[in-house]
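Colleague: Working from the sequences, and respecting the hints, build out all of it.
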Amino acid sequence: MITAQGVDAGALTQGAALLSRPADEYENDTNVEAAWVVQACQYADVHFNLISSVDPKLLRLTAEDDRILDAFERAFPGAQLECLTEESLKSPAAKPKWREFLDANRDIPDYNYGTLLRLNSESDYNEENTTLVPRLQFLAIEISRNRKGLNDNVWKKSALIRSQSLDKNDCTS
Numbered sequence: 007m008i009t010a011q012g013v014d015a016g017a018l019t020q021g022a023a024l025l026s027r028p029a030d031e032y033e034n035d036t037n038v039e040a041a042w043v044v045q046a047c048q049y050a051d052v053h054f055n056l057i058s059s060v061d062p063k064l065l066r067l068t069a070e071d072d073r074i075l076d077a078f079e080r081a082f083p084g085a086q087l088e089c090l091t092e093e094s095l096k097s098p099a100a101k102p103k104w105r106e107f108l109d110a111n112r113d114i115p116d117y118n119y120g121t122l123l124r125l126n127s128e129s130d131y132n133e134e135n136t137t138l139v140p141r142l143q144f145l146a147i148e149i150s151r152n153r154k155g156l157n158d159n160v161w162k163k164s165a166l167i168r169s170q171s172l173d174k175n176d177c178t179s
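Residue numbers for the sequence shown follow the numbering used here, beginning at 7 and rising by one.
These aren't lab readings, by the way, just hints derived from the structure by calculation.
Glycine included, every Cβ here is placed at the ideal spot set by N, Cα and C.
You can trust all of the hints, since none of them are fake.
In silico lysine-lysine, BS3-like type, Cα no more than 30 Å apart, as pairs:
1) Lys63 to Lys163
2) Lys63 to Lys101
3) Lys96 to Lys154
4) Lys96 to Lys63
5) Lys63 to Lys154
6) Lys103 to Lys154
7) Lys101 to Lys154
8) Lys63 to Lys103
9) Lys63 to Lys162
Computed beta-carbon distance windows for the label pairs:
10) Lys103 to Ser164: 30 to 40 Å
11) Glu134 to Glu106: 26 to 36 Å
12) Leu67 to Asn132: 17 to 27 Å
13) Asp51 to Ala100: 20 to 30 Å
14) Leu138 to Asn159: 19 to 29 Å
15) Ser169 to Leu67: 23 to 33 Å
16) Ser97 to Gln170: 39 to 49 Å
17) Lys96 to Gln170: 30 to 40 Å
18) Val44 to Glu134: 17 to 27 Å
Modeller: So, in structure tokens, the structure goes:
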């Protein structure tokens, strides 16, 4: 017999009744949505700051980068990652492949957290260049981009801007 400490049969029945109701009867809590948006934007900022500051080929996003990359390359051989489209990530044909990849690697921490992904690897995060994907999908794509040098332009552009800024602040005459 299954028991739930501190929960009586009436509460369990009530919970089951609520869970069996149509999903459209529920509304998302705006506070939860706002907190999620803040967290996703902060994660995107940290990611962009990393690829702007460190040679992306040397960057490790997780302790599992090698495993994630290997699984990604087996599941999506030859994937073109420079400029993605919503269709290539979320079409009816793409969804089952991504779902299988995610399910096979669900032990990766936070694998299903909503995460913002840049569609074009040479651009920054902005409304036109960003889509929402599960964290593992983001990691697989960005780890592969890093290793293939597809994020190098972001890093080089940032280094050039930093260099020009230092030149302007040079006090030697």
